[in-house]
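S.K.: Below, each chain spelled out in residue letters.
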Amino acid sequence: MRNLLNFVLKYGYWFLFLLLEIASFLLLFRFNHYQGSVGFTSSNRVMGRIYAVSAEVSSFFQLNTANTQLTQRNLELQVENQLLRKVLSQRSNNDAFDRIVASSTDKDYTIIPATIINNSLNRPDNYITLDKGTADGVMPEMGVVNGNGIVGIIYLTSEHYSLAISLLNSKSCISCKFKNNDYFGYLKWKGLDSRFAYLEDVPRHALFQKGDTIVTSGYSAVFPKGLMVGRVDSIADSKDGLSYLLRIQLATDFACLDDALIISGKNRQEQHTLEQSANQSTKK
Amino acid sequence: MLITFLRRLGWFVLLVLVQALILNNISFFGYATPVLYVYLILAFDANMSRYSLLLWGFALGLAVDIFSNTPGVNAAATTLLAFMRPSLLRLFTPRDSAEDFSPGILSMGTSPFIRYLTFCLLFHQTALVLLLTFSLVQPHVIVLRIVSSVLLTGLCILGIEQIRK
Numbered sequence: 001m002r003n004l005l006n007f008v009l010k011y012g013y014w015f016l017f018l019l020l021e022i023a024s025f026l027l028l029f030r031f032n033h034y035q036g037s038v039g040f041t042s043s044n045r046v047m048g049r050i051y052a053v054s055a056e057v058s059s060f061f062q063l064n065t066a067n068t069q070l071t072q073r074n075l076e077l078q079v080e081n082q083l084l085r086k087v088l089s090q091r092s093n094n095d096a097f098d099r100i101v102a103s104s105t106d107k108d109y110t111i112i113p114a115t116i117i118n119n120s121l122n123r124p125d126n127y128i129t130l131d132k133g134t135a136d137g138v139m140p141e142m143g144v145v146n147g148n149g150i151v152g153i154i155y156l157t158s159e160h161y162s163l164a165i166s167l168l169n170s171k172s173c174i175s176c177k178f179k180n181n182d183y184f185g186y187l188k189w190k191g192l193d194s195r196f197a198y199l200e201d202v203p204r205h206a207l208f209q210k211g212d213t214i215v216t217s218g219y220s221a222v223f224p225k226g227l228m229v230g231r232v233d234s235i236a237d238s239k240d241g242l243s244y245l246l247r248i249q250l251a252t253d254f255a256c257l258d259d260a261l262i263i264s265g266k267n268r269q270e271q272h273t274l275e276q277s278a279n280q281s282t283k284k
Numbered sequence: 001m002l003i004t005f006l007r008r009l010g011w012f013v014l015l016v017l018v019q020a021l022i023l024n025n026i027s028f029f030g031y032a033t034p035v036l037y038v039y040l041i042l043a044f045d046a047n048m049s050r051y052s053l054l055l056w057g058f059a060l061g062l063a064v065d066i067f068s069n070t071p072g073v074n075a076a077a078t079t080l081l082a083f084m085r086p087s088l089l090r091l092f093t094p095r096d097s098a099e100d101f102s103p104g105i106l107s108m109g110t111s112p113f114i115r116y117l118t119f120c121l122l123f124h125q126t127a128l129v130l131l132l133t134f135s136l137v138q139p140h141v142i143v144l145r146i147v148s149s150v151l152l153t154g155l156c157i158l159g160i161e162q163i164r165k
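Which chain is which? The protein sequence lines are L and P, in order. Residue 250 in our numbering is what sits at position 250 of the first sequence, and the numbering runs on without skipping anything. Residue 74 in our numbering is what sits at position 74 of the second sequence, and the numbering runs on without skipping anything.
These are calculated hints, taken from the structure and not from any lab test. Only true hints are included.
No farther apart than 25 Å at their CA atoms in a straight line, the calculated lysine to aspartate or glutamate pairs in the DMTMM-like style are these:
| id | chain 1 | residue 1 | chain 2 | residue 2 |
| --- | --- | --- | --- | --- |
| 1 | L | K190 | L | E141 |
| 2 | L | K10 | P | D45 |
| 3 | L | K225 | L | D258 |
| 4 | L | K10 | P | D100 |
No experiment lies behind these values; they were computed from the predicted model shown.
Just chain P, same shape as in the assembly:
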């Protein structure tokens, strides 16, 4: 129990630092920024309680917020993702999979995992970009930001999955 918690905490610190010190400085063509820290929420065990998911999500978003001077923005988006995750996971899990598993290419299969990943990232990025810009004045810029960041983040996460395999 304690070991699981410490392992999660280790991932938490690592992902927040990588996000704050490296990834936040990346901006491809002025639009795409990889948002890798959501990987923590996506990879939590499937039968984790909704309460702890929400609390982890909020804490993770808040930590990233404090680093990037956007109080509340990442926290709100990540809490939303943590709230949606159980339903999205159920939607894309193959019927015959085990009761408890950690979502990934190995446990879910490549194409269900990619579908799960895409939908989760879309929800998260849409909330994030809308809260950051807080206006609908330039809809094409907003859509471009969302799509390009989802693609870039998705590629990063698939890369990590390949390495962990």
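Chain L with its partners taken away, still in its complex shape:
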């Protein structure tokens, strides 16, 4: 008995070591599978506060660049708006058409402005923390965009903060299409360079060329159709040779994110339940 006690006293730290390592690994694996782990991320209350303060300080120094970017984007949109107005006025001679266009554009999605308070680029899986949470109506699986393009998808939410899966994350997979035709593929990030992502599963017979614009397809109800994603930078074949693999220069500059918009489709819940029940019935 005394020997046993001595043994435990002498080598007890082994047990403590194993216990702590097991706890670490439980955390590591739990985070990837369960949605309930907000407390262990930067979207919990205390960390959110600290990051909010630090983001305020650093965003002050980025105001200049952000401003120029916004002005430029504003100008582009103004020109586009003018053009569309002209086309619309040529085509519609009656008020009814105008009303339909006006009602269908802005009512399907609600928009929540938010500030990005934490962001990373250099890990294999990057996350973004935002300063809006369930209290402001943010729910998991809403889309995050900024003035230049799409940013990510909300993953976890606490009361006042939320955590989004960045585009720069191995788990991110977004349905995208070409702006000038409807061929689509899936956008994935393969690590290392924060400026480029890859568009997979683009069919062999798709028509496109280098420099073509890629936008969201709107199939998933996370993002509305037609949001800017990036441009085709180089063209290659996929590993199995059945489709194209396109390198996309992303429109969003992830190295200087500051303000963002959280987008939610009004009918998102309905589409989601419909798709899930369809999946379940086909499995049976």
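Knowing the structure of chain L, use the given hints to seat chain P on it.
M.R.: Same frame as chain L, but now just chain P:
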């Protein structure tokens, strides 16, 4: 006793905040990130009990994890470092040194300290990078990450040592 604890706690908070708010945003050439917070574990007194070393290591790693959205990764790596530290310290300490000292350039001498530092950082970074990437698909990227981060972190810690001297 209490004063020692409070001083350690002060260092703990300072290192975690510096790591989370400044160093985590640094990424030289997309590979090297300085991981300064391990300095706390490396600089603990030589005769500190293994139990408190392990607990400090776990808490430190977990705090950094919570800030950087990588639950368990830093905690596992830092607990491993805290577990290895007494053996590594004994390996690199000069024979005639005092019973109780805080590892550093002053107490150990430059070259033994650098050797101790390098080995500790290598263990920690290897565990960290392997857990973060969780695959061996791109071995050259992994090796490059480990080596460059060890170098950068080592330089930072030597810099602090010079200032404290």
